[in-house]
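The chain contents come next:
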Amino acid sequence: DIVMTQSPDSLAVSLGERATINCKSSQSVLYSSNNKNYLAWYQQRPGQPPKLLIYWPSTRESGVPDRFSGSGSGTDFTLTISSLQSEDVAVYYCQQYYSTPYTFGQGTKLEI
Amino acid sequence: QVQLQESGPGLVKPSETLSLTCTVSGGSISNYYWNWIRQPAGKGLEWIGRISSSGSTNYNPSLKTRVTMSVDTSKNQFSLKLSSVTAADTAVYYCARLRLAVADPFDYWGQGTLVTVSS
Numbered sequence: 013d014i015v016m017t018q019s020p021d022s023l024a025v026s027l028g029e030r031a032t033i034n035c036k037s038s039q040s041v042l043y044s045s046n047n048k049n050y051l052a053w054y055q056q057r058p059g060q061p062p063k064l065l066i067y068w069p070s071t072r073e074s075g076v077p078d079r080f081s082g083s084g085s086g087t088d089f090t091l092t093i094s095s096l097q098s099e100d101v102a103v104y105y106c107q108q109y110y111s112t113p114y115t116f117g118q119g120t121k122l123e124i
Numbered sequence: 017q018v019q020l021q022e023s024g025p026g027l028v029k030p031s032e033t034l035s036l037t038c039t040v041s042g043g044s045i046s047n048y049y050w051n052w053i054r055q056p057a058g059k060g061l062e063w064i065g066r067i068s069s070s071g072s073t074n075y076n077p078s079l080k081t082r083v084t085m086s087v088d089t090s091k092n093q094f095s096l097k098l099s100s101v102t103a104a105d106t107a108v109y110y111c112a113r114l115r116l117a118v119a120d121p122f123d124y125w126g127q128g129t130l131v132t133v134s135s
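Going down the list, the sequences are from chains S and W. Numbered according to our numbering, the first sequence terminates at residue 124, and the numbering increases by one at each position without gaps. Numbered according to our numbering, the second sequence terminates at residue 135, and the numbering increases by one at each position without gaps.
Since the hints were derived computationally from the structure, they do not count as laboratory data. For every residue, glycine included, the Cβ atom is placed at its ideal position computed from N, Cα and C. One or more of the hints may lead you astray.
If you want the footprint, here are the derived chain S segments under chain W, 3+ residues with CB under 8 Å [as the list claims (entries may be wrong)]:
#1 20 to 30
#2 61 to 68
Result set (DSSO-like, lysine-lysine): computed pairs, CA atoms no more than 30 Å apart in a straight line [said to hold, decoys possible]:
#3 W:29 - S:36
#4 S:48 - W:80
#5 S:36 - W:91
#6 W:59 - S:121
#7 W:80 - S:36
#8 S:36 - S:121
#9 W:59 - W:29
#10 S:48 - W:91
#11 W:29 - W:97
#12 W:91 - S:63
#13 W:80 - W:97
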């Protein structure tokens with residue numbers, strides 16, 4: 013199984029400031045034949061299911077604000093929220109879909 | 017807008033079989049891959065397995081011996097059975113759709129249903 017490790021486990025950021033969450037995979041999730049990284053980010057607000065934010069890993073899902081951005085390749089990835097809003101308080105997960113079993117990071121709790 | 021809704025018993029006794037159904041509305045179940053994912057309280061997400069609209073399955077090896085998934089395209093539903101449950105299987109169970117293909121993220125999720133394993 014590919015193990016996904018996020019850092020930090022929790023993060024407190026002031027409103028309007030930048031938040032950065034990191035994700036590292038135990039093996040590369042870059043498929044060489046198409047040069048695509050099979051990595052996604054999800055946001056889970058309390059009492060809600062996860063919501064797809066970003067995949068491939070810099071493509072924003074439709075309707076996701078552009079303050080959310082993703083980057084990285086191979087085994088190291090980053091989710092950045094450029095200017096934190098109150099509604100961004102949530103747990104964020106990275107997930108690899110390179111191979112089954114699909115696996116998620118342990119989550120990063122983002123607070124104000 | 018595609019919507020997924022889980023249904024099934026919220027309480028299951030140890031050693032018995034957990035059975036859940038996911039009903040898909042607002043879109044066809046055909047030509048997509050459908051998944052079950054679970055989340056114990058306060059913990060992370062675990063992928064249980066997927067089933068295609070044609071019935072082909074892929075299960076997490078950690079649960080493979082206890083998991084059975086099925087699909088009913090006439091009802092736009094797919095189902096999960098998890099046998100020989102223990103307290104460790106207590107979790108919120110989500111159904112979710114793969115966006116387009118097997119190598120794709122989960123774009124639609126149900127609201128989740130809490131299943132508690134207890135006598």
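Practice item. Would you list, in rising numerical order, the hints stated earlier that this structure does not obey? Key: Of the numbered hints given earlier, those the structure breaks are 1, 3, 5 and 10, listed in rising order.
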